[in-house]
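Q: One-letter residues, chain by chain:
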Amino acid sequence: MNLRLALALAILGPVALAALLAPQIADLVGHDPAAVDLMQRYAPPSAAHPLGTDELGRDVLMRLVFGARVSLAVGLAAALAAAAIGTAIGLVSGYFGGRTDAVLMRVTDAVLSLPVLPVLIVLAAVDPAKLGLPAGDGGGLARIAAIVAAFGWPTVARLVRAATLALRARDFVRAAGALGAGPLRIMAVHILPNCTAPILVATALAVGGTILFESVLSFLGLGIQPPVPSWGNMLTGAQETIWQAPWLALWPGLAILATVASINLVADALQERADPRLTRR
Amino acid sequence: MIRYAGARAFQGLVVLLAASFAIYMLLGLMPGDPVDLMASGNPDITPDDVRRLRELHGLDRPLAARYADWLVALLQGDLGYSRIFNKPVLATVAPYLANTAALMLVAFALALAVGLPLGLAAASRRGGFLDGAINGFAFLSAATPTFWLALLLIVVFAVVLGWLPASALPPPGEDGLAARAAGLILPVATLATVSAGEYARHMRAAASEALAQDWVRTARAKGASEFRVLSGHVLRNALVPVATVAALGFGSLFSGALVTETVFAYPGMGKLIYDAIMGSDFNLALACLLAASTLVIVANFAADMVYAVLDPRIGFGGAR
Amino acid sequence: MRAFAALALLLGLMQAGPAATQARDTLTIGITQFPSTLHPMIDSMAAKSYVLHMARRPLTTWDKDWKLVCLMCVDLPTFENGGARRVTLPDGREGAEVTFRIHPDAKWGDGRPVTAADAILAWDVGRHPRSGVASGEAYRRILNVEARDAKTVVFTNERVTFSYNDFSQFEFLPDHVERARFEADPETYRRRTAFDTEPGNPALANGPYRVTQVQPGAAIVLEQNPHWHGAKPHFRRIVVRVIENTAALEANLLSGSIDYVAGELGFTLDQALALEKRQAARFDFVYVPSLLYEHIDLNLDLAALKDVRVRRALLHALDREALVRQLFEGKQPVARSFVNPRDASFSPDTPAYAFDLPRAQALLVEAGYDRVVDSVRQNAAGERLSFDFGTTAGNRIRETVQQVLQSQWRRAGIEARIRNEPARVFFGESLRQRRFQMAMYAWFSAPESVPRTTLHSESIPTEANGWAGQNQPGIRNADMDAAIDALERELDPGRRKAIWARVQRIYAEEAWVLPLYYRSDPFAIPKWLAGIEPTGHQYYSTLRVEHWRPR
Numbered sequence: 001m002n003l004r005l006a007l008a009l010a011i012l013g014p015v016a017l018a019a020l021l022a023p024q025i026a027d028l029v030g031h032d033p034a035a036v037d038l039m040q041r042y043a044p045p046s047a048a049h050p051l052g053t054d055e056l057g058r059d060v061l062m063r064l065v066f067g068a069r070v071s072l073a074v075g076l077a078a079a080l081a082a083a084a085i086g087t088a089i090g091l092v093s094g095y096f097g098g099r100t101d102a103v104l105m106r107v108t109d110a111v112l113s114l115p116v117l118p119v120l121i122v123l124a125a126v127d128p129a130k131l132g133l134p135a136g137d138g139g140g141l142a143r144i145a146a147i148v149a150a151f152g153w154p155t156v157a158r159l160v161r162a163a164t165l166a167l168r169a170r171d172f173v174r175a176a177g178a179l180g181a182g183p184l185r186i187m188a189v190h191i192l193p194n195c196t197a198p199i200l201v202a203t204a205l206a207v208g209g210t211i212l213f214e215s216v217l218s219f220l221g222l223g224i225q226p227p228v229p230s231w232g233n234m235l236t237g238a239q240e241t242i243w244q245a246p247w248l249a250l251w252p253g254l255a256i257l258a259t260v261a262s263i264n265l266v267a268d269a270l271q272e273r274a275d276p277r278l279t280r281r
Numbered sequence: 001m002i003r004y005a006g007a008r009a010f011q012g013l014v015v016l017l018a019a020s021f022a023i024y025m026l027l028g029l030m031p032g033d034p035v036d037l038m039a040s041g042n043p044d045i046t047p048d049d050v051r052r053l054r055e056l057h058g059l060d061r062p063l064a065a066r067y068a069d070w071l072v073a074l075l076q077g078d079l080g081y082s083r084i085f086n087k088p089v090l091a092t093v094a095p096y097l098a099n100t101a102a103l104m105l106v107a108f109a110l111a112l113a114v115g116l117p118l119g120l121a122a123a124s125r126r127g128g129f130l131d132g133a134i135n136g137f138a139f140l141s142a143a144t145p146t147f148w149l150a151l152l153l154i155v156v157f158a159v160v161l162g163w164l165p166a167s168a169l170p171p172p173g174e175d176g177l178a179a180r181a182a183g184l185i186l187p188v189a190t191l192a193t194v195s196a197g198e199y200a201r202h203m204r205a206a207a208s209e210a211l212a213q214d215w216v217r218t219a220r221a222k223g224a225s226e227f228r229v230l231s232g233h234v235l236r237n238a239l240v241p242v243a244t245v246a247a248l249g250f251g252s253l254f255s256g257a258l259v260t261e262t263v264f265a266y267p268g269m270g271k272l273i274y275d276a277i278m279g280s281d282f283n284l285a286l287a288c289l290l291a292a293s294t295l296v297i298v299a300n301f302a303a304d305m306v307y308a309v310l311d312p313r314i315g316f317g318g319a320r
Numbered sequence: 001m002r003a004f005a006a007l008a009l010l011l012g013l014m015q016a017g018p019a020a021t022q023a024r025d026t027l028t029i030g031i032t033q034f035p036s037t038l039h040p041m042i043d044s045m046a047a048k049s050y051v052l053h054m055a056r057r058p059l060t061t062w063d064k065d066w067k068l069v070c071l072m073c074v075d076l077p078t079f080e081n082g083g084a085r086r087v088t089l090p091d092g093r094e095g096a097e098v099t100f101r102i103h104p105d106a107k108w109g110d111g112r113p114v115t116a117a118d119a120i121l122a123w124d125v126g127r128h129p130r131s132g133v134a135s136g137e138a139y140r141r142i143l144n145v146e147a148r149d150a151k152t153v154v155f156t157n158e159r160v161t162f163s164y165n166d167f168s169q170f171e172f173l174p175d176h177v178e179r180a181r182f183e184a185d186p187e188t189y190r191r192r193t194a195f196d197t198e199p200g201n202p203a204l205a206n207g208p209y210r211v212t213q214v215q216p217g218a219a220i221v222l223e224q225n226p227h228w229h230g231a232k233p234h235f236r237r238i239v240v241r242v243i244e245n246t247a248a249l250e251a252n253l254l255s256g257s258i259d260y261v262a263g264e265l266g267f268t269l270d271q272a273l274a275l276e277k278r279q280a281a282r283f284d285f286v287y288v289p290s291l292l293y294e295h296i297d298l299n300l301d302l303a304a305l306k307d308v309r310v311r312r313a314l315l316h317a318l319d320r321e322a323l324v325r326q327l328f329e330g331k332q333p334v335a336r337s338f339v340n341p342r343d344a345s346f347s348p349d350t351p352a353y354a355f356d357l358p359r360a361q362a363l364l365v366e367a368g369y370d371r372v373v374d375s376v377r378q379n380a381a382g383e384r385l386s387f388d389f390g391t392t393a394g395n396r397i398r399e400t401v402q403q404v405l406q407s408q409w410r411r412a413g414i415e416a417r418i419r420n421e422p423a424r425v426f427f428g429e430s431l432r433q434r435r436f437q438m439a440m441y442a443w444f445s446a447p448e449s450v451p452r453t454t455l456h457s458e459s460i461p462t463e464a465n466g467w468a469g470q471n472q473p474g475i476r477n478a479d480m481d482a483a484i485d486a487l488e489r490e491l492d493p494g495r496r497k498a499i500w501a502r503v504q505r506i507y508a509e510e511a512w513v514l515p516l517y518y519r520s521d522p523f524a525i526p527k528w529l530a531g532i533e534p535t536g537h538q539y540y541s542t543l544r545v546e547h548w549r550p551r
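Protein chains in written order, with my numbering: chain A, 1 to 281; chain B, 1 to 320; chain C, 1 to 551.
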């Protein structure tokens, strides 16, 4: 295991752990991230508050930890959703070929050619009630994840389709077909398990991207709504008081940077393992 | 080749049509209409005013009918009027488009100019310190939130050091070429940093693959200098996947510019689209979104063309 | 590498450091919004008023002491001085005829005098149903405009109200430029108006400055208007730069590319308070309470909120003084009602709700919410005191306030679930269609503005009336209705004060709306700049821009 990967995991490990155990950590340290303490606004870093406090006197470190929970949850959920959709479409497209393939690939291209951020803004601003969907609760996490996933699936679809095309011609797949297995069975049992490598890589790459998108949306005020903390919306308010309390802007940004970079490193490592052509002999 | 281009153009048009319909409907699903926004800020507007304004702006007609009208007008070359600016859409968009184009082109050129050589250098010294450093930079820059970097740059270079202006567009009267260039430095740096890392990474991967080929070993054995090896066939082969990424990246620079433009107060397309969407200015929003989509489609097409030209093994129809 | 060398060369060529303000004949002002149209009557926008009032003056205005004064007229017509008189209209109603004499030296920027014809054009455009003017009703209430001579205008209002001579929203349109454009096709006039097609036309200005250049989305440049009839301004040139991101706005101010950030349209309060701690040597900080009344509407359709004891308990449970002190350093005064303390109609006897947690709890118990489950009060039927609490998303200060209020209410056993929405959803649907439970937002009202659309029972938005009206809580109170009707008709100042006092008392006692505070505009005025007089209402300080000068 090389240095880069080790470093990435060294960063991701604590972040993931923090995200999973956030409530327990809060109990342990004794700071409630939602506790408003107006006497302690914008306090600089101290023993009690290692990273200082924000505009409501809330402990920044605790909010970062809970923000990790939210940002990672949304990022993972969105990436998994994108992977699921993309895999399904890629499999169907690659396996059936012909008209189905052509139509699905055109749809994929169409989604890819939309300018991402503007359409994300429109989607985030749409009122779900008009579509008959329930309004968002608890900050709108599920909605944001769904919206971001809607842009992540084409890449996965393409990768899976390429893999499916290659596998379809292989003997064991043809044999299965000759033995009378239906398309669904072939796709699920024979092709899908052999696609795990590209799917995994694509998903890993997507997580980084979705975290960044969520942060931009939250920064614009269209993503996760306060008081639910996310790294993106912690940055929104920090802008205005950037000279009075610069650490408020520094830490969420660094958190995003470190986490996304680490995730991409891990994805890269996965890709190298899956595709050893690239490593020097 | 012509047939292929024709087929792609046709597909592109279909995509644009579908996108325009979807976006028009989505915009219509946004709650409240522009008249409500006007009324909420102005206590003097009476309910009668609201009714009258809504009818004047055609907001009381069904959405599908309004879309049909818009489409028909578009086919006749009329993009309509922007409700927010009370001007023809084209006249409204032109200066903003020019600003964004300037920003994007310079940022794109800079990102390529920095990213490609770095990627090559990293690939040729794989495993060494330089490689590690460049790789690290690439990962970090691709993971940086744009708006955060923009704020940091403003704080450091405009406020603390005072070297560069904090906003990108100098006011009229002081907008000589030097001032305009100075204003663009920080936003370009912001955009280019994030892209350069990505190009460097892809270049490094592609160049590594090319360098592992047999003929490179042969060329080296024959005594060719490292520079010749790199700049000759390696570059040509490595450019293929990089061209694809670059073309796709050009299209996405459009989106990335939105936040940068906001922070640097640069009146560009990103900001215009945001305002148009938030203000429910259908004509303006659709025109901008279609412009952006067209740009991306053209960029993809260009990427595929470059791909086919640089690598004659791949016929038209592309390897997807 | 070559790219870096080029960059270094460029940096070397530039002058380092912020632009030195030597001659100080140019003032650069920063604001946070770009006016999308420069026509004074189409679309109302704060940024537009701010900028245009340097170049154009309405007929009258309210000054910083909240008194009505003349701007383009010679003196204010009143019933007492004969400038206004009652007339009987053809249909038998009583109307008011108000005569204004336009200042004899008032001229447009091209030298042509401002005449009654310009007023008549404004009226024609304003009342035309398809001209696109936002507040057309106000123009339609004027039945007739007549030119007695070139400089005398006679308005006939359709009824006699106390605001008979308040023409602060009335702006002249240059007849010799715009009449032809309007008459060619009124319906598309707003697209052909010279204000947007030729913004630099000097004939469009009648104030101390005129617009010379517009950089779309970024800046507006104004220069002195030689034909201005009032005091000569000092600054030869004013550049208004638009930077919507307030952090970037501050950066521009600190780096010197902006001289002054408009108090009315600039920093947030938090930002100004933070800036004051660091830059008190460079700027004088003035915090002026404005007419923006931040409050919480309660939806009176909800069973729990129908009970006045619950509403009063909601108020008593809040420590608004502490909130204002700690969040705003006391710069945004706590409100008792929608009437601003500086307004002449303010009544100091209006009941105030002090922070009193025991009293709040007692009231809730009295209303039947006597059991506490999971720290939320319930009544015998198991109904929990739990409400959706919404405001506009993306507004830091509001979100902060929400969280403070939420935690204060929690102590009384009241649960407030924060549910924010983007402004367009909030105003466009939730508020308008009364789909809210508790909604926090602000109104902007003119001095002495009668609350018909907000408190009268006729003004409740319903599906039947197309969701018209702004009485979102759903207030139905006969006393209040009667008082509002009386207010519109009563002209005697003494009796008006009494009616206003009654209105405020009912408002406070019933607590249909929870008053929070009045928002303040922070003015960060550079120490070298004198003459800026914040007004605290929507007739901004730029109406006296000719008095701004270096010390």
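Worth flagging that the hints you see were computed from the coordinates, not collected in a lab. All C-beta atoms, glycine included, are put in the ideal place defined by N, C-alpha and C. A couple of the hints might just be wrong.
[Unchecked claim] A short, non-exhaustive set of chain B residues, derived as facing chain A with CB atoms under 7 Å: (1) Ala94; (2) Phe129; (3) Trp148; (4) Leu258.
Q: Next, verify each hint and record whether it holds.
A: Hints and how they fare:
1. Residue-level restraint check for alanine 94/B is violated (minimum Cβ-Cβ distance to chain A is 19 Å; threshold 7 Å).
2. The restraint placing phenylalanine 129/B at the interface with chain A is violated, with a minimum CB-CB distance near 11 Å, outside the 7 Å limit.
3. At a threshold of 7 Å, the smallest CB-CB gap from tryptophan 148/B to chain A is about 4 Å, leaving the interface hint in force.
4. A distance limit of 7 Å between C-beta atoms decides the matter here; for leucine 258/B the minimum to chain A is near 5 Å, and the interface restraint holds.
Checked against the numbered hints given earlier, this structure breaks hints 1 and 2; the rest are met.
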